[in-house]
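Novice: The chain contents come next:
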Amino acid sequence: MSDEEFEPRIIGFCCNWCSYAGADLAGVSRLQYPPNLRVIRVMCSGMVHPNLVIDALTKGADAVIICGCHLGDCHYLEGNVAAENRKEAIDLLLEDFGLEPERFRLEWVSASEGPKFAEVIREMTEEVRALGPSPYRT
Amino acid sequence: MAVKVAEEWLNICGGCEVTILDIGEPLLDLLPELNFVHMPVLMDHKYFGQTGEKTEMEIPEADVGIISGGVRNEKEKHVAEEMRKKCKTLIALGSCACYGGIPAMANMFPLEALYDKVYRDCKTTDSADTPSENLPPLLDKVYAVDEVVPVDVYIPGCPTNPDIIVRAITSLLEGKEFKLEERSVCDECPVKREKKASGGEIKRTLDSMEFKQGEAWEKTRCYMEQGYLCLGPVTLAGCGNKEEDGVTVPRCIKGYMPCRGCFGPIRKGANPLVDMMTAISSIGLDAKQVPDRRALLNRYIGGQNRLRPLPARPK
Chain A
3 MSDEEFEPRI
13 IGFCCNWCSY
23 AGADLAGVSR
33 LQYPPNLRVI
43 RVMCSGMVHP
53 NLVIDALTKG
63 ADAVIICGCH
73 LGDCHYLEGN
83 VAAENRKEAI
93 DLLLEDFGLE
103 PERFRLEWVS
113 ASEGPKFAEV
123 IREMTEEVRA
133 LGPSPYRT
Chain B
721 MAVKVAEEWL
731 NICGGCEVTI
741 LDIGEPLLDL
751 LPELNFVHMP
761 VLMDHKYFGQ
771 TGEKTEMEIP
781 EADVGIISGG
791 VRNEKEKHVA
801 EEMRKKCKTL
811 IALGSCACYG
821 GIPAMANMFP
831 LEALYDKVYR
841 DCKTTDSADT
851 PSENLPPLLD
861 KVYAVDEVVP
871 VDVYIPGCPT
881 NPDIIVRAIT
891 SLLEGKEFKL
901 EERSVCDECP
911 VKREKKASGG
921 EIKRTLDSME
931 FKQGEAWEKT
941 RCYMEQGYLC
951 LGPVTLAGCG
961 NKEEDGVTVP
971 RCIKGYMPCR
981 GCFGPIRKGA
991 NPLVDMMTAI
1001 SSIGLDAKQV
1011 PDRRALLNRY
1021 IGGQNRLRPL
1031 PARPK
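Line by line, the protein sequences give chains A and B.
Residues 3 to 140, numbered by our numbering, are exactly what the first sequence covers, in order.
Residues 721 to 1035, numbered by our numbering, are exactly what the second sequence covers, in order.
These are computed hints drawn from the structure, not numbers from a lab.
Warning: the hint list may mix true and false statements.
To be verified - Taking lysine-lysine and the DSS-like style, the derived pairs with C-alpha atoms no more than 25 angstroms apart in a straight line are:
hint	chain 1	residue 1	chain 2	residue 2
1	B	899	B	974
2	B	724	B	795
3	B	837	B	724
4	B	899	B	932
5	B	939	B	988
6	B	899	B	805
7	B	1008	B	896
8	B	1008	A	89
9	B	724	B	843
10	B	923	A	89
11	A	61	B	988
12	A	89	B	915
To be verified - Simulated coverage check for chain A against chain B, where a stretch passes if three residues somewhere in it have a Cβ under 8 angstroms from a Cβ of chain B:
hint	stretch
13	12–26
14	77–88
15	92–98
C-beta atoms are modelled at their ideal positions from N, C-alpha and C, and glycine is treated no differently.
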């Protein structure tokens, strides 16, 4: 991929109740956002273990984003609080694996925030494009 | 007929060989069944013939091969390959052989950086060239034995528990497979667990722990809940022996110290660093306070690519 422009591969974990619906809304509203995101639907942002994030980043993804319901809106009451607590551990792990902090994001996107979802993905894709490929990508 | 055993030590301190001695009385029952045909730590057996007359390395054929220590240089790699060729069953003994062990902490740095540190940048010695004569060249990093040749049986531990060696050899004599159960140290630890969050500060093991010596283990509070960093949740169980009262106590726990993680990850492919950080954040300890996280949580398991030099960041 020497001459081609670098296209980041971003893995997005979206919670079933808010963010996946938000992504859906972005789709049905025909909002444009870069095709670099691969969405994985999970039941709750709180179930995304740091292992999954680190595995993705060390095995081919350039960035990972976790999207969940806004604090207080979690379908399971406190799942997104667990996600937020893990964010700190994930940030430290990125440091331990020599990865830039920009390669991981945690965002709250509700089911009605299609435009916000598109905006977040646009922003992140550009940021990661500027960073270049993950050092673990071969 | 006695089973032929070949033992070889590679990049190791020799502690695992002492553990074989430490088997104690059960060793007397085992010995008639075993015939050690090659064991550098005990017997004078040269690789290239007794007077060095041969050109090919020679290790006698054996039914069971035991390798302790990781693979650091070309000679050790050669010996490991020769052992694999000559032995029907190969046992990796100790954490160095299974995961790289303490020496594999060097994998955090590229080889050139290590040479510079030792031979050129050391403040108390004169700067010199890297020695190359009459020494086997070092490999680029420390390898676990199974990164070089296939291994049949793993006996981790630093040093390991003599009881496991006996169990492994006995089951091999009976023709059975031997594998440690995939359980964590916490699964078999008998201490009392009350509630998750101990909150805040991670204490150092120098600070005194709350326990009464001799008291029943069910009354001693979990060290992790007391705020000490214990690697029990992410470490393979098996180090403890059954006590007289039927309770199995992991060895460090028995000595009133938190688990250091020498038995390595619970299953292949697990990453204790990541798992432990998750565990720490989920019980409410401050993960930022863990000193030298990468080295500390990978202390015995730096081989198999778990520790590697950090990728250079583009400036």
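Novice: A separate judgement is required for each hint: does it hold in the structure or not?
Specialist: Results for each hint:
Pair hint residue 899 of chain B plus residue 974 of chain B holds up; C-alpha atoms about 24 angstroms apart against a cutoff of 25 angstroms. Distance check on the hinted pair: residue 724 of chain B and residue 795 of chain B sit about 24 angstroms apart at the alpha-carbon level, within 25 angstroms; holds. Our distance criterion of 25 angstroms between C-alpha atoms is broken by residue 837 of chain B and residue 724 of chain B, whose separation comes to about 43 angstroms. Between residue 899 of chain B and residue 932 of chain B the alpha-carbon distance is near 35 angstroms, which puts this suggested pair outside the 25 angstroms criterion.
For the given pair, residue 939 of chain B sits about 34 angstroms from residue 988 of chain B by alpha-carbon distance, which is inconsistent with the 25 angstroms threshold. Using a Cα cut-off of 25 angstroms, the hinted pair residue 899 of chain B and residue 805 of chain B holds, with the two alpha carbons roughly 22 angstroms apart. Between residue 1008 of chain B and residue 896 of chain B, the direct Cα distance comes to roughly 46 angstroms. Violation of the 25 angstroms bound is thereby established for this hinted pair. For the hint linking residue 1008 of chain B to residue 89 of chain A, the alpha-carbon distance of about 12 angstroms falls within 25 angstroms, and the restraint holds.
In summary, the hint linking residue 724 of chain B to residue 843 of chain B is not supported, as the alpha carbons are separated by about 49 angstroms, beyond the 25 angstroms threshold. The straight-line distance between the Cα atoms of residue 923 of chain B and residue 89 of chain A is roughly 23 angstroms, inside the 25 angstroms bound, and the hint therefore holds. A hinted pair counts as satisfied when its Cα atoms are at most 25 angstroms apart, and residue 61 of chain A with residue 988 of chain B qualifies at roughly 17 angstroms. Between residue 89 of chain A and residue 915 of chain B the alpha-carbon distance is near 23 angstroms, which keeps this suggested pair within the 25 angstroms criterion.
Interface restraint, the stretch 12–26 of chain A with chain B: violated (0 residues with C-beta to C-beta distance below 8 angstroms; minimum three). For the stretch 77–88 of chain A, the stated coverage by chain B is satisfied: 3 residues place a CB nearer than 8 angstroms to a CB of that chain, which reaches the threshold of 3. By the rule of at least three residues with a Cβ nearer than 8 angstroms to a Cβ of chain B, the coverage given for the stretch 92–98 of chain A holds, with 3 such residues.
Consistency with the previously given hints fails for numbers 3, 4, 5, 7, 9, 13, ordered from lowest to highest.
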